[in-house]
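Asks: Heads up: the protein sequence lines correspond to chains L and V, in order. Residue 12 is where the first sequence starts when you use the numbering used here, and the numbers rise one by one after that. Residue 151 is where the second sequence starts when you use the numbering used here, and the numbers rise one by one after that.
With a straight-line Cα cutoff of 30 angstroms, these simulated BS3-like cross-link-like pairs (lysine-lysine) come out:
1. V/Lys369 - V/Lys383
2. V/Lys245 - L/Lys78
3. V/Lys410 - V/Lys383
4. L/Lys78 - V/Lys228
5. V/Lys245 - V/Lys228
6. V/Lys369 - V/Lys434
7. V/Lys383 - V/Lys434
8. L/Lys42 - V/Lys228
9. V/Lys245 - L/Lys42
10. L/Lys42 - L/Lys78
11. V/Lys253 - L/Lys78
12. L/Lys42 - V/Lys220
Which residues of chain L face chain V? A partial, calculated answer using Cβ under 10 angstroms:
13. Asp66
14. Ser67
15. Gly69
16. Val74
17. Ala75
18. Arg82
19. Ile103
20. Arg104
21. Asp106
22. Gln107
23. Ile108
Since the hints were derived computationally from the structure, they do not count as laboratory data. From the three backbone atoms N, C-alpha and C, an ideal C-beta is built for every residue, glycine too.
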Amino acid sequence: MSVTAIRMEGVLRLGFEGVDAIDAVNAEVLKDEALSRVGEAAEFVVDLSGVEFVDSAGVGVLVALFKTARRNGGRARFCRISAGVRAVLEIIRLDQIFEIYEDWEDAVRA
Amino acid sequence: MAAEGGKAALWRGGQEMVPDLAELCRIHEVGLDLIERSHDVDELLNRVLEEYERRLRELPGDALDGRAGKPGPESVRKLRALVMFATQAAALKEKAVAASELKRRAAEAESHRARLEGVLGALGSGVMILGAGGETLMANAAARALLGGEDEAVLARLIADGVPPRGEAEIDLPSKEGSRRTLVVSRRPLGSGEGAEVALVTDVTQRARDLEERVRLEKLAEVLRTLSVLSHKINNPLTALLGRAQILQAHRGTDPGVAKAAAVIEESSLRIAELIRELARVVKEGRHEALDDLLDMDQTVGGGRAS
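Construct all of the structure, not just a fragment, from the sequences and the given hints.
Replies: Encoded structure:
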């Protein structure tokens, strides 16, 4: 379980390797790791492929990434979101706040 | 009780109603004063997001986990509160994006304006941007220098009154030192469709002075040419007059009146001859100062004769 960070076409791409759920069990670790990967980056895409479920703690990780991008003067984009994660984001209306794209290419172009 | 009423209103018919931020903060005991003082949408959004995060942390585990079964009433209440914050944050985000775009465009416009001012400032010619009402919107350094400390409105009024639209005219502008300056002003529409115009202002005072000097010199040259011709024409009969006066002197006999008259004629003829020579010198040198000297001398000659 780890957070990967690859810079492609000038945009940082974060991924959650070996993570099928972000919840109270792993949220704190993943959040620290993701934020350290982001560092001062202002523009990045969070690739959530493989993540099937998030609970409130998992949502907290995503909100922290969203806030960090804003604080760094840029924007975080989210892509390849599973139906389960999307359902949670819709329930708590984060789908209206986050920029969500189908795939990586769309997110980078946006 | 009021809070309960507020909550009821928020969940009418299963559809959440978004209250204004003040109401939302009152219900959920958020630092309203802090948020109300903030005029920065970005900052406001950050604060709402922080509150959102705080409430997210307080959300019971069953609130979002369908696997845990139906959430309890406390979970539902907290979830609804969270959703209200998210809705509010979404609205703020839209405003923040619009504000950011507005800020970007304003910065872009400011950058264009600064560049334009730089270019206009570097121009030697005066450039003024006039509003639809003829008021001065902008004047570059050269235009301000041409005005020499005069109010820009003075020139703007003179332009509006004296220069036809899309035309060109000369404007005489009195300076504080009492001299006058001549400006050529041309008006052109700016093309923005708002009636604004650009006025190009060029100082032609020196050009006008040069023209006046040229006309004066041409007139002087004509005077000198006339003098040259007159000198030549006077000289011939003068020579005859002088010759006859000398003959008369030689044959004056015993009549003292004749002798005196012959002497006067000879002396006057010599004076005229001297005057002609001076005129010839002036014409040759072509100097108007010499002509002034000559006129002084003429007065002296006249004065001498009178005495």
